[in-house]
Amino acid sequence: MARRIDVTGAGGVRLAAWDFADPPKPGAERGAPGVLLLHGLMGRASHWASTARWLAERHRAVALDQRGHGRSDKPAEAAYTREAYVEDAEAALEQLGLAPAVLIGHAMGALTAWQLAAKRPDLVRGLVICDMRASALGAASQREWAEWFRSWPVPFTTLADVRKWFGEDDPWVERPIPSRGAFYAEVMHECGDGWRPVFEPEQMLRTRESWVYDAHWEELAQVRCPALVVRGLDGELGRAEAQEMVRVLPSGEYAEVAEAGHLVHYDQPVAWRGAIEPFLEAVLAV
Numbered sequence: 004m005a006r007r008i009d010v011t012g013a014g015g016v017r018l019a020a021w022d023f024a025d026p027p028k029p030g031a032e033r034g035a036p037g038v039l040l041l042h043g044l045m046g047r048a049s050h051w052a053s054t055a056r057w058l059a060e061r062h063r064a065v066a067l068d069q070r071g072h073g074r075s076d077k078p079a080e081a082a083y084t085r086e087a088y089v090e091d092a093e094a095a096l097e098q099l100g101l102a103p104a105v106l107i108g109h110a111m112g113a114l115t116a117w118q119l120a121a122k123r124p125d126l127v128r129g130l131v132i133c134d135m136r137a138s139a140l141g142a143a144s145q146r147e148w149a150e151w152f153r154s155w156p157v158p159f160t161t162l163a164d165v166r167k168w169f170g171e172d173d174p175w176v177e178r179p180i181p182s183r184g185a186f187y188a189e190v191m192h193e194c195g196d197g198w199r200p201v202f203e204p205e206q207m208l209r210t211r212e213s214w215v216y217d218a219h220w221e222e223l224a225q226v227r228c229p230a231l232v233v234r235g236l237d238g239e240l241g242r243a244e245a246q247e248m249v250r251v252l253p254s255g256e257y258a259e260v261a262e263a264g265h266l267v268h269y270d271q272p273v274a275w276r277g278a279i280e281p282f283l284e285a286v287l288a289v
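Plus 3 on top of the position in the sequence shown (first one is 1) and you've got the numbering used here.
Hints were generated in silico from the structure; no laboratory data involved. One thing to keep in mind: the hints can contain errors.
[To be verified] For each label pair, taking beta carbons as the anchor points, the in silico distance ranges come out as:
no.: 1; residue 1: Gly197; residue 2: Ser254; range: 47 to 57 Å
no.: 2; residue 1: Arg153; residue 2: Arg178; range: 37 to 47 Å
no.: 3; residue 1: Arg178; residue 2: Trp155; range: 38 to 48 Å
no.: 4; residue 1: Glu262; residue 2: Arg6; range: 26 to 36 Å
Just so you know, even glycine gets a beta-carbon here, dropped at the ideal spot from N, CA and C.
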């Protein structure tokens, strides 16, 4: 069972971190190599549960609910900037005694991870980038997301309705994707009128606004530690861009997961483990 530890992030925002090395197992005591898992936009630490459990067999695996997400604080006045997210991850590594750690990030969490690796190379010994683009996405993409949030039929009557809408009925879904429905069911909570997201959509748009207009190749080139770029074959990160990211990284490697979309670790957990475990063993053995 994961143990919650609160962390103080940038501007005093309280962040919930979940330590999966509890109770300690042989090779997973506090002195074991640290791994920090960072979810994507709208995600939460629990999305990493299956990954964290096998990591915790040998490493100290901690998943962070980032600001505005999961059980962490969601103050309306807080900064939802790239700098704030990076400083939060930096604070988590330092306050939890994880550094130098491997950072595993999905989507937005991957961007946070490589920006932190560029900023504080002393804290990061390795990096896994899962399905996050380095190119700018632009204003049209942000408008599409705003429209998509408005299309949600909230409140949902039941969790089954959540799973069905996000897994089948959402106009963004071309074919039924049960794992997508399960992913979104995990970020809903029951309110007086039905099921609503645990996050504020407006805060998610503010968060996304902080990266969609800019490219992030410069920070990627500043990452000095070993890095693995992972993409699902049906994900948002195309093969050409992924391979260019590997080329730009001073010490980059590439892996892809078949029959997986954007939610690689959720779609194909066994293949995901097979893709990243050899890299982690090599990095953490150093």
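Now the hints, each set against the structure:
1. Between Gly197 and Ser254 the beta carbons are some 48 Å apart, a value that agrees with the proposed interval 47 to 57 Å.
2. The beta-carbon spacing between Arg153 and Arg178, approximately 24 Å, falls outside the hinted interval of 37 to 47 Å.
3. The hinted range of 38 to 48 Å is not satisfied by Arg178 and Trp155, whose Cβ atoms lie roughly 20 Å apart.
4. For the pair Glu262 and Arg6, the beta carbons lie near 34 Å from each other, so the given range of 26 to 36 Å is met.
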